[in-house]
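Engineer: What follows is each chain in one-letter form.
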Amino acid sequence: MAKTNPGRFFEDYAVGQVIDHAVPRTVSGGERAMYHALYPARHALYSSDEFARASGLPASPVDDLITFHTVFGKTVPDVSLNAVANLGYAEGKFLKPVYPGDTLRSTSEVIGLKQNSNGKSGVVYVRTRGLNQRDEVVLDYVRWVMVRKNNLDAPAPETVIPELSKVLSVDDLVIPEGLDFTNYDFTLAGEPHRFGDYEVGELIDHVDGVTIEEAEHMMATRLWQNTAKVHFDATFRPDGQRLIYGGHVISMARALSFNGLANAQMIVGLNGGAHANPCFSGLTVRAWSEVLDKAETSAPGVGAVRLRLVATKHGAEVGQLKGEDGKYLPEVLLDLDYWALMPM
Amino acid sequence: MAKTNPGRFFEDYAVGQVIDHAVPRTVSGGERAMYHALYPARHALYSSDEFARASGLPASPVDDLITFHTVFGKTVPDVSLNAVANLGYAEGKFLKPVYPGDTLRSTSEVIGLKQNSNGKSGVVYVRTRGLNQRDEVVLDYVRWVMVRKNNLDAPAPETVIPELSKVLSVDDLVIPEGLDFTNYDFTLAGEPHRFGDYEVGELIDHVDGVTIEEAEHMMATRLWQNTAKVHFDATFRPDGQRLIYGGHVISMARALSFNGLANAQMIVGLNGGAHANPCFSGLTVRAWSEVLDKAETSAPGVGAVRLRLVATKHGAEVGQLKGEDGKYLPEVLLDLDYWALMPM
Amino acid sequence: MAKTNPGRFFEDYAVGQVIDHAVPRTVSGGERAMYHALYPARHALYSSDEFARASGLPASPVDDLITFHTVFGKTVPDVSLNAVANLGYAEGKFLKPVYPGDTLRSTSEVIGLKQNSNGKSGVVYVRTRGLNQRDEVVLDYVRWVMVRKNNLDAPAPETVIPELSKVLSVDDLVIPEGLDFTNYDFTLAGEPHRFGDYEVGELIDHVDGVTIEEAEHMMATRLWQNTAKVHFDATFRPDGQRLIYGGHVISMARALSFNGLANAQMIVGLNGGAHANPCFSGLTVRAWSEVLDKAETSAPGVGAVRLRLVATKHGAEVGQLKGEDGKYLPEVLLDLDYWALMPM
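Protein chains in written order, with this note's numbering: chain F, 1 to 344; chain R, 1001 to 1344; chain C, 2001 to 2344.
Quick caveat, the hints were computed from the structure, so don't treat them as lab data.
These figures come from a predicted structure and were not determined experimentally.
One or more of the hints may lead you astray.
Said to hold, decoys possible - Here are the simulated SDA-like pairs of lysine to any residue, each with C-alpha atoms no more than 20 Å apart in a straight line: (1) F:114 x F:18; (2) C:2003 x F:118; (3) R:1313 x F:233.
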């Protein structure tokens, strides 16, 4: 009896199937310190207990993307071990901040299936929930991946494509209990720009660049217990390159976006995202953002800003995303659409 | 007066000598996070406080190998700074789990000496104990190293070779107080295979590979305050390579063994081990295991499995350990023999 | 409206100006573990809660250089983003130990200005204070940097050069409350050499070397939220090299100095420092120290030792600092002058 996990293939999924993912994880100040060592993360709410308390929270939560990566990482052995491509995200809601001491686990439900016309692979849609030790959902999101078939003779399942919101409305966003930006300290936060200073359509060049190292992306990816071979094993791809976990690029770009968006403190919604081109060690990653929308919220002093966050490599221009053919330019690594909370 | 530590030479050891090693260390969630960033470690008992509590422990201990490396690291300045080779381990017993907040120190007793026939070096046997802040022994093991003589005219000591068990019997193993696997959650642990599913003689290919980076093995080795120059200083060896701390290979192989041995949760005994060939940056490490023995224990739902864990590099085959000449094959990096606890 | 931080230029500073720096930070056991992974740090007081308690402190503080880097890092976006060179340090006083759970912020006052004769840049002197969550000053130091002018037509400010002590006297040093070395355990600390064993003028070769990796210095620099582009972006300098944060060299040299100065436990004063030559990845860093002065203190069993700590690269000789032209030798990376506390 083979005891190692071969991963699931396309024919192993059925709509309605629920998969409880393995290896719950307790996070601590250690994960936070590692995150700050791996990314130039400087949002004050995630750096200082005092700043978080002044904003109405009990302490500084771990970065929202630590929550995302931890929840996501647990799904990899069950969802994307045999994935050909990570196709998209939708309806991501951050429902509860996660604090040092919390223990996270993940569960997914298959909500859609579509076999490709070549009969060799198909698209699997899952809704994943991250839960803490009190069984509270802290994160809920949909992603879809292309997965290989193992048995090419397996019959195609009935095609089910879930209806997914292209964008979360501001009413869908959950503001952390107690959050209050009325006494927000812009000096400590690092920039004076508030909700009213951003205009829909505005482009922000985040200026700074970070050159990527193998040791760093592997440490990051392991920290989230993401086991996909392609990130760690230089003998896996014919070209000898280790493909960098897309989440590493997300975190790098989000951290770089501090410069210009220091007050876009909390991520509360993930409308969508595409890993436009693969990222490899040695590239220098930069980022730019576009303000897509703005909305007030019910929390005191708290506005919501919808942002497009784009990570790029050498040769990119701010604001340039796709070519005339409608495809992403080769210099674009990531196109992420999210809602963040910002002081009014 | 020279103030730096030249390390001890073979003629500096005497049987019965007790060496209290320096630099006690308090471990925290930081060490755990670093461990998870450095190795693809996923055993649930060491990842989740909740899982550990459900298994009868007060919280999630730090990985047993964190304990091993921390205790071992302290011995390096006194035992192996002038070592030519790390020859073996025996009678390793993990006696108490270590938790964040515990402070570890190490002490060793010289239990054997044998000068080599060339008169230039000799073998030193030490029994090392790791103690916590309550002076409880948390780990006890024997290792022997070949150490250079500094004064070749120093007389050879009387040869004393300690009698060491080749294998710990199951009765020698200490089960952590309170451990109870009767309500073990195999889904959260990541694999369904229990004690009864493993057969003596069974081989398990752990499939995954990790390519080793300089930054990672140096960070790991420093974290355990292991100071051996050969791991850090590229000018130390004529070939300009930094030799990787053998313990880095142990931890990498153990973490890789999750895939197939996810339920071999706790290491309680170290029967023996050999660093068969040196490991260098750039190699891709893989692992396979062989089930050597099985035994029931007195703890509820807890079985003990004796495993051979083999780390390899490119060109190795699962199950192939030594050549016709009885020597390790050049592709074998590590041959470790240990007892782990597994749910019945 | 451009929202990214272009940094301040020389003409943006005025004597008396106070700058409250952004992004306060709560430190934890995670920062400590990272520090020990990045540097071969082994001073027992910073490694063990038990050792610190036996020395009269409530627990093990974070390394004094963690405090320094954290406070320093916050000043970078306001002080040295457009710096051409980091010229010097003076009057650095470590006033309170920092413990896991403390939150640090920084504030600086401009205390001097001198435009260079070329009219293109000038020297800015700032006194920086690091404060904890109780508004207690934990660190106070002066540094001066050469900063570019952006508007070359801006008038030169009145030249003000602050009067700075070349060396702190022992009476300027603040000994942590409760510190008591009368029951100091030299075995646990790692070396037998006490205050009385060191002579003014004595040179100590710290022997060990560490080869520097890109991933490590970037992780270190990010951990302190230091954002200077030149450390992270391989496309920033024409030669494609990433300049290593000078503080990384300070910490590396200080950690290496354990071997010979294991009992120089706490840094309490920073008299001065120069980054003599730039450091790049691939270099092997070594260190030597010179005892510059000694003094008794009012704390029980505690002496103060003034040390010159020199970091070097290949080709350096212990004790050789400057050439006949009075300039630093090309092999010298760092020349640091500090006071440390040592058991009598």
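Engineer: Does each hint hold? Answer for all of them.
Structural biologist: Results for each hint:
1. F:114 x F:18: 18 Å, holds
2. C:2003 x F:118: Distance of about 48 Å is beyond 20 Å: violated.
3. R:1313 x F:233: 12 Å, holds
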